Each structure stands twice: as structure tokens, then as C-alpha cells.
Amino acid sequence: MKWAVIVFPGSNCDRDAAAAIRDVTGDEADLIWHDQNDLSGYDAIVLPGGFSYGDYLRSGAIARFSPVVDAVKREAQRGKLVLGICNGFQVLTESHLLPGALLRNDNLQFRCEMTELVVKNNQSPFTSDYQLGERIRVPIAHGEGRYVADGDVVKTLETANRVAFAYPHNPNGSLHDIAGILNEKGNVLGLMPHPERAVTEWMDSLDGRRMFLSMHRYMKEAGGLVGANGNANS
Amino acid sequence: MKTYEVEVRIWLKPSVFDPQGHAVEQALHTLGYSEASDLRIGKYMHLTVQGESEQQAKTRVEEMCERVLSNPVMETYAYTLKEVALS
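Top to bottom, those sequences are chains G and U. For the first sequence, the positions run 154 to 387 when the working numbering is used. For the second sequence, the positions run 620 to 706 when the working numbering is used.
Looking at chain U on its own, in the form it has when it is part of the complex (with noise of 0.2 Å):
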């Protein structure tokens, strides 16, 4: 079994509209960053997974993602994952 560290993000999709992404835009503004546009506020987690190659990993983790972790009727989401090694 190999370990692996995954990182999700998740954000709205760009047909929904984001109100907290567009309260927080709107302070940038506010604060003189007019040059700031299209701010969108999403998830991020982290988590460990096991298992016997990053395929078979990638797999789970798109499962997770897809059935769990985002709703894809509004959502999308992105991974990353890496080996890490146990000491």
C-alpha cells in the first residue's frame, strides 16, 4: 500500500453566481484594488489516501470527489496528489 497526500479545491461553477466571492470583490474595490475582478471564494481540503498504485488512488479520489466532495450540478472541482513517503 502507498500513501498518498491529496489536495481538493472546489468552486462554484462560472454560470452560478457567487455572492460571497462578489462581497468580498467588492471590498477589494473598495479598498483601492480596482484592478481585482472576477474573484470567486471555494473549498479547499486536504486528506490522506491509501492505496496500492496512483491510478488506482486517482480513481477513488475522482469518485470522492463526484459523489461526495462537490455537487456537480453547481460545483467543479480539481485535484492534486502525491506519494509521500512514510518515515
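Pulled out of the complex, with its shape left as it was, chain G reads as follows (with noise of 0.2 Å):
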């Protein structure tokens, strides 16, 4: 398997998330740069935390405008998986990729901290190692991770299953308590927390290792490369 983990100008999670994805899976992981527009030789692409272009004007507003976007909604149109870590996640609802927004944290305080979250959907391919209703823990770093989404989006979010998970004890304000969302198809998903900072002892948590694992899973029974043979897998 091959991951593609981009790089914006301003991401400082890449080398996190490209080693944690070595270290768990054992596969390849190559970090693309944002000027990059072909990601057709990769299984998975990950969209990691940081600041990308520096967060101006919104967070992710003007990295969803990167060449790199429109191949990650090329490979996601055709079934790839796409994780979208923090900042990851921002340039995801930017993009449109996902609905909704990701606002100014309730509290104005920029949180960092061990958090715990409740699997509410483990028949993604990114959370088929989680059991249903388990309580993990995984960090989170965010100043602006309040999940806001109209009535109606937020509805069809949860009555579709596509909320992955939750925070028992909101730290930020977001709606529902909504920590990580997926698209309609179940290929894309985008969380606050970041999974990569919990994969080994000394990070205090290696609740972050299953959604990797998870991940390598659904690309090895697909028979990789997903979409190459044509195949929109959801």
C-alpha cells in the first residue's frame, strides 16, 4: 500500500502522520507537495494538522484552492480513502468535500490535551477496528475545531450513521459534540483529534493505531489501489 500525505505550505503534522503511518501499517508513505496534481499512484491520501498558508482569511480557506485539492477530489470521486486530520479536516469542509465549517473554539482557548471520544460508527473503513460505543482517547491541538453545520446537515449527519465520533466532554463548542464526520460514500473523514499523536507507549495512548490499521485493512481487502481498476469502492 501507498499513503500520500500533502503538504501545504504551513502543515507541521506531515512527518507525524507519514511516520505513524510507516510505524503502524508498514506501508509507504510519500509527502506531496501542494503543487502536485496527480495522486493516482496512491491507495489513501492524508490531509494533516498544521496551519496551512498560514490559516488567513479561515482555516484550510486557501489551501482548498491548491492543485493538490482537485487530485484529492479526483481520487475521492473515485472511491480512495481520504483522511483529513485538524487542519486536514478544515481544508475538507472548505473544499466541500465535507458539509459544514469549522469556527473559533467556544471557549477562545486554543486546546491541547489528551481527549476522549465515543465510536459511533465502526463499520467505516476507518474505524472497523473500534467497537461500537467504545470510548478511546486521542489528543487533540485546535484553537478552531467548533463543528457548525445547519439543522438539517447536522440531521442527516446523524440519522446517516455519518458521525465517526463524539467528545463526552465537549472541549470546544462544536455542535452535537460532533469530533469527526464522513461523506456519504464513507470514503472520507475528517476529525479534529489526531490519531497520529497515539500510536505509541510514550504518547500515552495507542488508541490512534486502529484507525491506521483499519485503514491498511480496507485497502489490502479492495486489493490496493482502489480506484485504478475502476472500482468505486464506498
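Treat each hint with caution, since some may be false.
Taking lysine to aspartate or glutamate and the EDC-like style, the derived pairs with C-alpha atoms no more than 20 Å apart in a straight line are [claimed, not checked]:
1) LYS662/U / GLU297/G
2) LYS338/G / ASP305/G
3) LYS373/G / ASP282/G
4) LYS632/U / ASP282/G
5) LYS632/U / ASP303/G
6) LYS662/U / GLU682/U
7) LYS632/U / GLU297/G
8) LYS632/U / ASP259/G
9) LYS155/G / ASP176/G
10) LYS662/U / ASP176/G
To list a few chain G residues with every Cβ distance to chain U over 10 Å, as calculated [said to hold, decoys possible]:
11) GLY194
12) PRO220
13) ASP223
14) GLN276
15) ASP282
16) ARG288
17) GLU337
Treat the hints as calculated values from the structure; they're not laboratory data. Computed from a predicted structure; not experimentally measured. Don't be surprised by glycine CBs; every beta carbon is placed ideally from N, CA and C.
Got two chains here, separate frames each, mind docking them using the hints?
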């Protein structure tokens, strides 16, 4: 399996994400600069945390117009797995791959701490190694993680089982305690917490490992290069 | 080509909680300005654009606002535009 970790000017969790992928799955993980426009050779794509383009204007707003985001959209359309972490989640909402938006935390704090998450959906390619309703520990580090969307959008997310993770103790004022959501096909996940920061003992949690393992297993079962044979898996 | 001076204001939709505005409003109350309410903090942008006509410039500015400068999911915008005489 080959993973692409996208690097925007201002990404700062790119190397952590690539290291976590290599360590947990044994797969290759390449860092891909934002001016690339072809991701067809990769099985999965990760948009890492950071402050793309300085987060000027709005988080993720300028990254959305990068050539690489067009490539991400194309591969997402073909059914490949796309994981957006923190700033990556913000890029996914700004580029309309996921609905809603992420705003300044309601408490105006930058929250950098271990949080608990409840697994709300363990049927997705990202979450199949977790138990439904399980509480896991994954750190957050964000000032703008308050998920907002119109009421009918939130209702759709909940009824279609597209809320993947929720906070039992909401750290940012997210609507309905939402921490991570899936797209309609289930092959794009955006989440504010950082699974790549919960993959070794010294990080105080190993719970992020199972996200990368779930994705790895899903891709393996799909036969690698999910989109290459024209199959749109979801 | 004509040149226009544009001022854009962007703020969160009324339905969306504005924590910055709330904090500043609380500060005003603490300082005795109890008559202040509904304080919202937004963004102000100033730019010049060139266009064939005012209508054409407005169309372009609206496109910028919708597509880039604001996020219609959570924000609204308003702008003013006036022609500037080039010396």
C-alpha cells in the first residue's frame, strides 16, 4: 500500500502522520507538496494538521485552491480513502468534500490535551477496528475546532450514521459534540483529534493505531490502488 | 478600464455563536457599559479592483466574496464600491 501525506505551506503534522503510517502499517508514505496534481499512484491520502497558508482568511480556505486538492477530489470521487486530520478536516470542509465548517472554539482557548472520544460508527473503512460505543483516548490541539452546520445537515449526518466520533466532554462547543464526520460514500473522514499522536506507549495512548490499521486492512481487502481498476468502493 | 475602491465586511451569521464578540461584550458590561448588546466581531477588507463598468466590477467582487473571501456556510458579507479618479 502507498499513502500520500499532503504538505501545504504551514502543515506541521505531515512528518508525524507519515511516521505513524509507516510505524503502524509498515506501508510506504510519501510527502506530497501542494503543487502536485496527480495522486493516482496512491491508495490513500492524508491531509495532516497544521496551519495551511498560515490559516489566513479562514482555516483551510486558501489550501482549498491548491492543485493537489483537485487531485484529492478526483481520487475521493473514485472511492479512495481520504483522511483529514485537524487542519486537514478544515481543508475538507472548505473544499466541500465534507459539509459544515469549523469555527473558533466557543471558550476562545487553544485546547491541547488528551481527549476521550466515543466511537459512533465502526462500520467505516476508518473505524472498523473499534467497538461501537467504545471510548478511546486521542489528543486534540486546536483553536478552531467547533463544528457547525445547518440543522438539517447535522440531522442528515446523524440519521445516515456519518458522525464517526463524538466528544463525551466537548472541548470546543461543536454542535452535537461532533469530533469527526464521514462523507456520504464513507470514504472521506474529517476529524479534529490527532490519531497520529496516539500510536506509541510514550504518547500515553495507542488508540490511534487502529484507525491506520482499519484503513490498511480495508485497502488490502480492496486489492490496493482502489480506484485503479475502475471500482469505486465505498 | 476604471478603478474602484472596494470595502468588504464579513461577519458570522446571526445563528452562529461568536465567542470573540461575546467576550468583548462581557468586557464592556464589566466596565459599566450595560447598554451595549449584540456585539459581533467581523472582518474588514479593503481592495481596489479594475473593471470595464461598475456593474462588471460588482459582479466580480460578489464572486470573490462568495467563492473565497467569505464562507457562505457560516458567514455573510456586504460591500461598498466606488470609482476612484486616477491622478
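Now for the hints, and whether the structure bears them out:
At roughly 16 Å between alpha-carbon atoms, LYS662/U and GLU297/G fall within 20 Å of each other, so this suggested pair holds. Distance restraint check for LYS338/G and ASP305/G: the Cα-Cα separation of roughly 18 Å lies within the 20 Å cut-off, and the hinted pair is therefore satisfied. Restraint check: the Cα-Cα separation between LYS373/G and ASP282/G comes to about 14 Å, which is no more than 20 Å; the hinted pair holds. Between LYS632/U and ASP282/G the alpha-carbon distance is near 39 Å, which puts this suggested pair outside the 20 Å criterion.
A hinted pair counts as satisfied when its Cα atoms are at most 20 Å apart, and LYS632/U with ASP303/G qualifies at roughly 11 Å. Our distance criterion of 20 Å between C-alpha atoms is met by LYS662/U and GLU682/U, whose separation comes to about 17 Å. Taking the CA atoms of LYS632/U and GLU297/G, the gap is about 17 Å. The hint holds against a cut of 20 Å. For the suggested pair LYS632/U and ASP259/G, the alpha carbons sit about 15 Å apart, so the restraint of at most 20 Å is met.
Restraint check: the Cα-Cα separation between LYS155/G and ASP176/G comes to about 13 Å, which is no more than 20 Å; the hinted pair holds. In summary, the hint linking LYS662/U to ASP176/G is not supported, as the alpha carbons are separated by about 43 Å, beyond the 20 Å threshold. For GLY194/G, the shortest C-beta to C-beta distance to chain U comes to about 30 Å, beyond the 10 Å cut-off, and the non-interface label holds. Residue placement check: PRO220/G keeps its beta carbon more than 10 Å from all beta carbons of chain U (closest about 16 Å).
Look at ASP223/G: its CB is around 15 Å from the nearest CB on chain U, clear of 10 Å, so calling it non-interface holds up. Non-interface call for GLN276/G relative to chain U: holds, since the shortest CB-CB distance, roughly 27 Å, exceeds 10 Å. Every CB of chain U lies more than 10 Å from the CB of ASP282/G, the least distance being 32 Å, so the non-interface label holds. With a closest Cβ-Cβ approach of about 27 Å to chain U, ARG288/G is found to remain outside the 10 Å limit, as its non-interface label requires.
Under the 10 Å C-beta cut-off, the non-interface status given to GLU337/G relative to chain U holds; the minimum distance is some 17 Å.
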